[in-house]
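With these hints in hand, go ahead and build the complete structure from the sequences.
Going by numbering that gives the first Met the number 0, the first residue of the sequence shown is number 0, and it counts up by one from there.
Rather than coming from a laboratory, the hints here were simulated on the basis of the structure.
Cβ atoms here follow ideal geometry from the backbone N, Cα and C, with glycine treated the same way.
Hints may contain errors.
[What the hints assert, rightly or not] With a straight-line cut-off of 30 Å between C-alpha atoms, the simulated BS3-like cross-links for lysine-lysine are:
hint	residue 1	residue 2
1	Lys100	Lys68
2	Lys46	Lys56
3	Lys85	Lys100
4	Lys46	Lys68
[Unchecked claim] Restraint ranges, calculated between C-beta atoms of paired labels, are given here:
hint	residue 1	residue 2	range
5	His103	Ala129	14 to 24 Å
6	Ile118	Lys85	31 to 41 Å
7	Asp114	Ala89	31 to 41 Å
8	Lys100	Glu123	18 to 28 Å
9	Gln148	Asp117	34 to 44 Å
10	Leu136	Lys56	15 to 25 Å
11	Ala140	Lys56	18 to 28 Å
12	Glu64	Glu97	28 to 38 Å
13	Glu82	Glu45	15 to 25 Å
14	Ala140	Asp93	12 to 22 Å
15	Arg94	Glu45	18 to 28 Å
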Amino acid sequence: MKGRIDKTVAGLMAVLLALGLALGPAQASEDEHDSSGVHEFHETMEKLGEHTEQIVKAINHEDWEWVAKEARAIAEHPRPPAEERKRIMAFAGDRRAEFQKADHAAHESAATLADVADIGDGREVIRAFADLQATCLDCHASFRNDFRQHFYVNK
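Next comes the structure, spelled out in structure tokens:
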């Protein structure tokens, strides 16, 4: 049983590593051109990525308390300042409800992961983490490229 969990964790880590490598060059570009007023949002997304990486490590160590702590940090992350939120919602335009729904789904998935980790069921933790990753991936697939174009590339 532990072997299957280890393989699942290794697979999740490989996916995260591949995503990190793929996003690396774009990230540097964002840092260089972050004069658009969404710096706090960018920093928050960076922190969320760090918490996600810590969750992978915690799962690998079967440290459910650590998983819960990192998942709660994601679920309860700070909001960007009001002025940034206005810019982001203006960017989302007629897709604002979709954007907010994706954000809510990520918060809910992270809270669920924290609750499952508190119980200490490794299989359910991995399933809940996969759900969290799916919510992030869905939002990124829907908004990330347009967001980068709007706030970074065209500035």
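A quick look at each hint next to the structure:
1. For the given pair, Lys100 sits about 24 Å from Lys68 by alpha-carbon distance, which is consistent with the 30 Å threshold.
2. Note on Lys46 and Lys56: the hinted pairing holds, with a Cα-Cα distance of about 15 Å set against a maximum of 30 Å.
3. The hinted pair formed by Lys85 and Lys100 meets the criterion: a straight-line CA distance of about 17 Å does not exceed 30 Å.
4. Note on Lys46 and Lys68: the hinted pairing holds, with a Cα-Cα distance of about 14 Å set against a maximum of 30 Å.
5. With their beta carbons about 19 Å apart, His103 and Ala129 fall inside the hinted range of 14 to 24 Å.
6. Between Ile118 and Lys85 the beta carbon distance is about 39 Å. The supplied range of 31 to 41 Å therefore holds.
7. Range check, Asp114 to Ala89: about 35 Å between beta-carbon atoms, so the 31 to 41 Å window is met.
8. At about 24 Å, the CB distance of Lys100 to Glu123 agrees with the hint of 18 to 28 Å.
9. For the pair Gln148 and Asp117, the supplied restraint of 34 to 44 Å holds, since their beta-carbon distance comes to about 40 Å.
10. Between Leu136 and Lys56 the beta carbons are some 20 Å apart, a value that agrees with the proposed interval 15 to 25 Å.
11. One distance hint, 18 to 28 Å for the beta-carbon pair Ala140 and Lys56, holds here, with the actual separation near 25 Å.
12. For the pair Glu64 and Glu97, the beta carbons lie near 35 Å from each other, so the given range of 28 to 38 Å is met.
13. For the pair Glu82 and Glu45, the beta carbons lie near 19 Å from each other, so the given range of 15 to 25 Å is met.
14. In this structure, Ala140 and Asp93 meet the distance hint of 12 to 22 Å, their C-beta atoms being roughly 18 Å apart.
15. Checked against the given bound of 18 to 28 Å, the beta carbons of Arg94 and Glu45, roughly 23 Å apart, stay inside it.
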